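Respectively, the protein sequence lines represent chains A and B.
Take 899 as the starting number for the first sequence in the numbering used here and just add one per residue.
Take 50 as the starting number for the second sequence in the numbering used here and just add one per residue.
These are computed hints drawn from the structure, not numbers from a lab.
These numbers come from a predicted model, not from an experiment.
C-beta atoms are modelled at their ideal positions from N, C-alpha and C, and glycine is treated no differently.
Hints may contain errors.
[Claimed, not checked] Pulled a few chain B residues facing chain A out of the computed Cβ check, cut under 7 angstroms:
(1) D56
(2) Q72
(3) R74
(4) R77
(5) L80
(6) T81
(7) F97
(8) H109
(9) P110
(10) C112
[As the list claims (entries may be wrong)] Computed spacing ranges between beta-carbons, pair by pair:
(11) B:F97 <-> A:R1178: 42 to 52 angstroms
(12) A:F1495 <-> B:F97: 49 to 59 angstroms
(13) A:L1353 <-> B:Q72: 51 to 61 angstroms
(14) A:K1418 <-> B:G61: 44 to 54 angstroms
(15) A:V1247 <-> B:Q72: 20 to 30 angstroms
Listed below, chain by chain, are the residues.
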Amino acid sequence: MPQRPLVAVLGAPNTGKSTVFNRLTGLRQKTGNYPGVTVERITGRARIGSAEVDVVDLPGTYSLAADSAESSVALDAILGTAAGLRRPDALLLVADASNLRRSLHLFSQSRELGLPVAVALNMQDVAQGRGTEIDAARLAAQIGAPVVPMTANRGKGIEKLRGMLERLLSQAAPEPERAMPEVRRAALELAGRINAPGMAMLALERAIIDQDGEFERRLLAICGPQAKRALERARGQALKSAGGPSLQSCEAERRYQLADQWLKGALIAGPPDAGIRESRLERAVNHPVLGAVVFLGVMGAVFQAVFAWAAPLMEAISGLFETVGARALSILPPGALASLLVDGLWSGVGAVMVFLPQIVILFALVLFLEDCGYLARAAFLMDRLLRLCGMSGQSFIPLLSGFACAVPAIMSTRVIGARRPRLATIVAIPLMTCSARLPVYALLISGFVPPAHYLNGWINLHGLLLLGLYLLGIAGGALSAVLTRRAALRGGRDFFLMEMPPFRWPNPRVLGLKLLGRAKVFLVRAGTVIAAACLAIWALGYFPRSEAIQQEFAEQRAALAVQQEDAEGAKRALRRINAQERSAQLEHSFLGRIGKFIEPAFRPLGWDWRVSASVAAGFPAREVVIGVMGTVYALGADAGNEAGLRDRLRESRWPDGRPVFTLAMALGLLVFYAFALQCVSTVAVIGRETNSWRWAAGAWIYMTGFAWLAGMLTYQLAR
Amino acid sequence: MREIGLDELPVGSSSTIRSILGQGRQARELLTLGLVPGVAVRVLRRAFGGDPLEVSAGGHPLCLRREQSRQVRVTAVCAAS
């Protein structure tokens, strides 16, 4: 059976490349990773004419000079040297009609690859909105390749594109016209002089042009350092006939000249120079002083909205899970199975779902601000400040996402071009106050900090303390980034180079798809781990059972039945006995033993074994802490009842009668909780995104140690 | 004509890129995004404290740090036009 043809979709970031791909393939796509690099591989299948065609969505890249992981993978995929991917039969270049020079620069590289190339002239709507009018037929004649104008996010032009791809696949590749013939000659000569198996001629050309680039590195890795001299000679020879300060400058100059020439021949109406005609909104946002005010206002509004909108939804969800759980417990026969289903599985699922509203609302707002172009301005504003901490302006969006959930936030650091700032950002993100920290903050603040109001009740101490904890997280993140840069990532010059997108209304469909993706990352990557952690913690807290304890409480229940006071009082007494039994069993369980075992380590923070056990249970996933506390403190059936838990914590005593939960201890616990990396999913995603388990382990050890130290100091100073 | 760094160009004024200093990746990044000899460039604004800069190169806005903008050599202009 002949293999299906393969079309590779190439394009710069923000050209709507993935939207074109999605429109072509629909839902028939597979995502994975290219081996060894954190670049997502997305493949799908499309119907083109009467045939089925495989399509691969290459990572977004401005150029085929392999400087980022993305562009190396893109070039490897095109050359047929990417692991697990065959050489494509045709290329589809997605061009941004509103920013065509840059796309045509990439086209001039693409047409030298020996494959038939077609151009999808996307974002027609944005271009027309900015007064750019391009004649597609004339452009096609200029560049010698078929061009289809389209607006992919509205589905315009897709059918035409299918027809064009069908014709393209039946054509042979045109003889490439080279922008850098000198380099070709030098590469041929170089190939005769050295033996570099696995390096295509195009890879050798890139090695010659791109000084210190990925392909130079590979060439030297294959042929050994002595190839350096041969390479330098080839470079010198090519530069001599090309002229100019460097080959890469010469290449960019020639290709951009070509792009300008093509554009001139196809442009009906051009845009005014960017920045001349700015709307009032753009002027306000870009103003140095007013812009900062707008920025603070927008950020304040985002967090206010998250709190105001998420709270009722979260209450509704947790209420639903409790009601159903309590009903199930009353129906199911009592025993290990009922407890596993309700206390383990069901409350585990509930622990995940309850955070969904907050995460979805924050991500929706972040994605909206990102897609309408505002967050790029925020990145511009924040670069200076973030640079002080060893990060860059591009760290801003991932850091902001960290307030929802660190897992998708760490994945989104891929947009940061420079390696060192990216790693610093990855280390800072877990300290942003994610949604799972909030319930513990709320419980401890409302339980142990006396209420106080200032300025006629406008400001209350509880709110102030919560804000303080958020700021503490931000400060901790900044400090982590700084320390990481000092300790592990010294030297190097960072760069920060970013396109400034125009302001535009986001497409709701595209926004919805992205939001769905983020929510899926949370549910799949984090949620499954949280639910599994809940199950494991349940098992540790349930087993082993003590017969003696069971016996003792069965006797108490029997005694109660004999007494027979009023029905209400008996019911209450029974509930109390049941809760005490659970608490006693927990003390006897593995979890209780673990708590007692580690208690000495947390004595300096003022924790007894109950607190230690609860916090230890939170290390796989901090979401479970409240639930575990409910069991440890014998809350019984109404485990989710915050007021009930608060009262139990207040009643908790050391053997000598002193209360465990003092203001100082609660503050220390809050600080510990703010800094500790209690989330296995985050540790795993750090490992995956840095491609190194050392980074993941280092981050965990460092943050846990730091949390202990900060919690201990807080407790000892506040005592 | 005198040549200056893009960082010395006042906000609002335009000039033409003459060359990109430096070798290797740092220079390549600038070239790839269209900061290429012969292209018209204009400083749109600077962030608080003068860094980073937002510029328009060939009609498309970009932002970059002051340190990087020093590598972009442009023709000196008299004053903001």
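Hints versus structure:
For B:D56, the interface hint is violated, since its Cβ never comes within 7 angstroms of a Cβ in chain A; the closest pair sits about 14 angstroms apart. A distance limit of 7 angstroms between C-beta atoms decides the matter here; for B:Q72 the minimum to chain A is near 5 angstroms, and the interface restraint holds. A distance limit of 7 angstroms between C-beta atoms decides the matter here; for B:R74 the minimum to chain A is near 5 angstroms, and the interface restraint holds. Restraint check, B:R77 versus chain A: the minimum CB separation of about 5 angstroms is within 7 angstroms; hint holds.
Nearest Cβ of chain A to the Cβ of B:L80: about 4 angstroms, under the 7 angstroms cut. The hint holds. The beta carbon of B:T81 is positioned within 7 angstroms of a beta carbon in chain A (closest approach about 4 angstroms), and the interface hint is therefore held. Hint status for B:F97 relative to chain A: holds, with the closest Cβ pair at about 5 angstroms, below 7 angstroms. For B:H109, the suggested interface contact is upheld, since its CB lies about 5 angstroms from the closest CB of chain A, less than 7 angstroms.
Because the closest C-beta pair between B:P110 and chain A is about 4 angstroms apart, less than 7 angstroms, the hint holds. Interface restraint check: B:C112 against chain A, minimum CB-CB distance 5 angstroms, threshold 7 angstroms, status holds. Separation of B:F97 from A:R1178 is about 21 angstroms and departs from the stated range, judged on CB atoms against 42 to 52 angstroms. The supplied range of 49 to 59 angstroms is met by A:F1495 and B:F97, whose beta-carbon atoms lie about 53 angstroms from each other.
Under the hint 51 to 61 angstroms, the C-beta atoms of A:L1353 and B:Q72, about 59 angstroms apart, fit the expected range. Between A:K1418 and B:G61 the beta carbons are some 46 angstroms apart, a value that agrees with the proposed interval 44 to 54 angstroms. Roughly 56 angstroms separates the CB atoms of A:V1247 and B:Q72, a value that falls outside the hinted 20 to 30 angstroms.
The structure fails to meet hints 1, 11, 15 from the earlier list, while all remaining hints are met.
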